[in-house]
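S.K.: So the sequences go chain by chain: X and W.
The first sequence lines up with residues 1 to 447 when you count with the working numbering.
The second sequence lines up with residues 1 to 447 when you count with the working numbering.
Hint data in this document are derived by calculation from the structure and do not stem from the laboratory.
Incorrect hints may appear among the rest.
Derived DSS-like pairs: lysine-lysine, alpha-carbon spacing no greater than 27 Å straight-line [stated by the list, open to error]:
no.	chain 1	residue 1	chain 2	residue 2
1	W	K442	X	K311
2	W	K412	W	K352
3	X	K311	W	K311
4	W	K352	X	K442
5	X	K352	X	K411
There are 2 protein chains.
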Amino acid sequence: MNESLQSEEALDRAVGERDLRAASELLAGFSVRQVVDVMERAPRHRVAVIFRLLPKDFALEVFERLDPSVQGELFLGLQDSDVADLFGELDPDDRVSLMDELPALVARRLMQRLTPHERNLTAVILGHRLGSVGRRMSPEYVSTHPHLSVADTIDVVRRHVRTAETIYTLPVTDTGKRLVGVVSLRELMEAAPEARISDVMQRVDFARADDDAEDVSRLCVDLGLLALPIVDRETRLLGILTIDDAHRILLEAEDEDTARAGGTEPLRRPYLTTSVVRIARSRVVWLLVLAMSAILTVQVLEIFEATLEQKVVLALFIPLLTGTGGNTGAQAATTITRALAMGDVRTGDVGKVMLREVRVGVMLGLLLGSLGFVLTSLVYDTPTGVVIGTTLLCVCTMAATVGGAMPMVAKKLGVDPAVFSTPFITTFCDATGLLVYFTIAKVVLGI
Amino acid sequence: MNESLQSEEALDRAVGERDLRAASELLAGFSVRQVVDVMERAPRHRVAVIFRLLPKDFALEVFERLDPSVQGELFLGLQDSDVADLFGELDPDDRVSLMDELPALVARRLMQRLTPHERNLTAVILGHRLGSVGRRMSPEYVSTHPHLSVADTIDVVRRHVRTAETIYTLPVTDTGKRLVGVVSLRELMEAAPEARISDVMQRVDFARADDDAEDVSRLCVDLGLLALPIVDRETRLLGILTIDDAHRILLEAEDEDTARAGGTEPLRRPYLTTSVVRIARSRVVWLLVLAMSAILTVQVLEIFEATLEQKVVLALFIPLLTGTGGNTGAQAATTITRALAMGDVRTGDVGKVMLREVRVGVMLGLLLGSLGFVLTSLVYDTPTGVVIGTTLLCVCTMAATVGGAMPMVAKKLGVDPAVFSTPFITTFCDATGLLVYFTIAKVVLGI
């Protein structure tokens with residue numbers, strides 16, 4: 001590990017000093033993965049320099065593994081003929097991902113230079129809407145037919161072994177190209193060579209091309225399938241989704257969920273090669289929305305300004321109380337958002353979930369409330385202790401319930417649950433927590 | 001979808017009314033996945049009832065897919081002989097995951113009832129520490145040798161096709177059982193039958209059994225491998241990690257990261273079957289730690305109690321300012337924690353990251369600060385506007401920098417970055433934000 005870090009630093013220096021000979025000698029010792037790592041961490045103008053130093057076959061392998069955003073930028077720094085070659089060598093599904101990163105004009109020109117066969121394969125994918133699995137499937141599958149024998153099918157596999165995306169899962173189609181089953185290479189190896197495919201094939205799990213890419217990917221991974229057939233509305237076979245594409249799609253979805261839960265938009269590209277302005281842009285909308293909602297807290301406090309003037313000590317506990325409410329709410333929201341994403345909980349379970357969260361909230365509130373009561377009574381006085389203790393109990397109960405319900409309501413409304421989770425709930429808990437706090441204070445302290 | 005929900009509800013009713021005949025008729029129409037779903041959402045006492053209604057082969061398939069925690073509970077509700085049968089049928093790696101959920105005595109008794117072969121396979125895995133990939137690998141691989149021909153190897157594959165975990169990736173070992181390469185079934189299909197394995201095998205990526213399971217899984221998925229060989233310190237082959245086990249390991253890791261980022265411990269089991277006390281327990285430690293740290297905010301405010309008494313209006317902005325600081329910090333922490341997990345950023349990049357985050361923070365701070373200045377000046381007065389504007393600028397800059405640095409420092413110290421992220425940074429930003437706020441207020445307002 002340390003050794004590879006050293007050679008990466010040496011490469012950085014060599015490229016920086018424009019010592020291209022030293023750089024290409026260093027690169028010869030790198031694995032594909034290392035080169036990808038280096039390129040995804042390098043400043044933009046160096047990416048093309050490094051890439052041009054790679055031997056041709058190796059360069060293609062590296063290119064295929066790069067993030068589409070980096071691929072797109074790299075294209076702008078390469079010669080036209082190199083670009084066309086690379087573009088032609090890509091798998092159709094990867095080509096479409098890259099096209100989404102390119103200016104429309106460039107993408108169209110590149111499409112025209114493809115062979116008719118490659119252009120057709122690409123067009124099949126491009127015909128589906130962004131976000132659908134049709135847009136991410138591979139049309140390069142090997143399929144077989146029910147009436148063929150196992151031995152014949154193995155021959156078919158041998159013939160397509162070089163171009164197919166996978167040969168381990170073979171969709172079985174009837175004469176109308178309709179999907180009727182699936183057979184794995186493993187089953188073919190297990191079966192007698194003269195057996196018919198119709199006798200060894202399995203009932204098939206499949207997805208429609210216009211299904212959501214994330215849902216289909218989760219199905220594929222959950223079922224432990226190496227590839228899932230994708231069909232049209234008449235169950236005619238269009239392509240396959242392989243497990244590694246499914247994983248890539250889930251990773252993107254996870255990126256989005258993680259980012260949203262932290263109140264930002266996903267960068268959709270490696271951090272170190274993203275410009276500062278772009279990073280700021282990914283955060284600013286959320287920050288503004290949250291700050292605007294936080295004005296609510298100012299307004300709530302204004303209502304109680306007279307109370308505050310009479311007893312300034314109440315102000316000291318504001319961040320503690322709102323913070324605890326926010327944390328309790330965030331905990332519940334995180335747990336439920338995750339459970340929803342994993343399918344452990346469904347929107348129909350909202351009643352069950354709220355019932356559980358109320359009970360969890362009361363438990364946590366009783367514990368924190370008694371602690372708060374004892375500590376505050378000791379340091380200040382008993383009435384203040386009663387106010388803090390009661391507020392903590394109420395705030396925890398309320399925050400857990402709302403935090404648990406909010407992601408489910410969001411999902412029911414068709415909104416990404418992560419959008420409504422942590423930061424939103426924190427702000428909501430701040431405002432309502434203050435309302436509860438000062439109401440209790442006024443009652444208990446009689447002001 | 002709706003139809004399957006209806007039959008799930010009908011099953012619920014049938015089991016509730018102890019109408020076992022109706023229940024087993026309904027179950028006959030369910031897929032493995034549906035039964036798993038139902039069982040992972042059912043109250044504990046019903047899980048065994050449903051399971052006993054399943055036909056034998058189907059029951060095993062369902063059992064293999066259940067969460068280990070649910071498997072463990074189910075064991076307590078089944079007869080001894082059924083338990084021993086199920087236990088014997090599991091793959092060695094799944095067996096070990098289940099053993100971790102069982103009382104030690106029960107686990108030991110079950111181990112004794114295994115066949116010597118199965119017991120040995122299980123012991124190989126049990127010998128590795130929790131969290132290592134050795135603990136999660138499968139010892140049921142098919143391997144070949146460099147001097148064998150392609151045709152011979154395909155014969156070997158055929159002979160082991162029933163028991164092997166995968167036949168698509170074959171490790172190649174020398175006479176000392178040392179790993180020398182890997183060959184895929186695809187390459188075997190492509191090669192001439194009389195070719196030697198030594199001519200078609202590839203250089204191999206592998207991992208050591210004591211390597212971290214999560215790191216190895218990410219490597220396996222990143223490289224798009226269907227299986228990764230696992231070796232001991234002398235590079236002798238011990239087992240393989242398959243892509244679907246790698247997925248499962250990454251999913252668990254993601255569960256943990258998501259939970260920690262929301263300030264809770266992961267439940268490690270389906271939400272609806274987890275007791276309320278257990279849910280509360282997963283949150284209470286974090287909540288207490290955060291509440292204790294929040295006492296710091298009370299202490300900071302105590303320092304400025306005199307200032308507050310002179311100008312109560314300052315209290316109105318406390319939640320807004322601490323909230324905005326917390327949000328900015330959480331955004332930076334979320335982005336960097338994710339970038340670290342994905343390998344986009346390394347601990348050595350801390351300088352680069354902080355430089356970027358300072359600039360992002362200043363940009364966001366300038367925007368929010370000017371907005372805050374204008375709005376507050378209009379509603380209150382210019383000096384208050386200056387205080388709020390300047391505070392927002394300082395708080396945003398500080399929060400982004402600290403939020404970006406914190407996960408990297410945590411990782412360098414060997415602590416899970418998610419632990420130090422969102423909730424911790426929020427609390428930290430609360431306290432320092434208040435310090436900045438009142439210091440600026442004292443200077444600007446001259447109190």
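S.K.: Find the hints from earlier in the document that the structure breaks and name them by number, from lowest to highest.
M.R.: The structure conflicts with hint 4 only, although it agrees with all the remaining ones.
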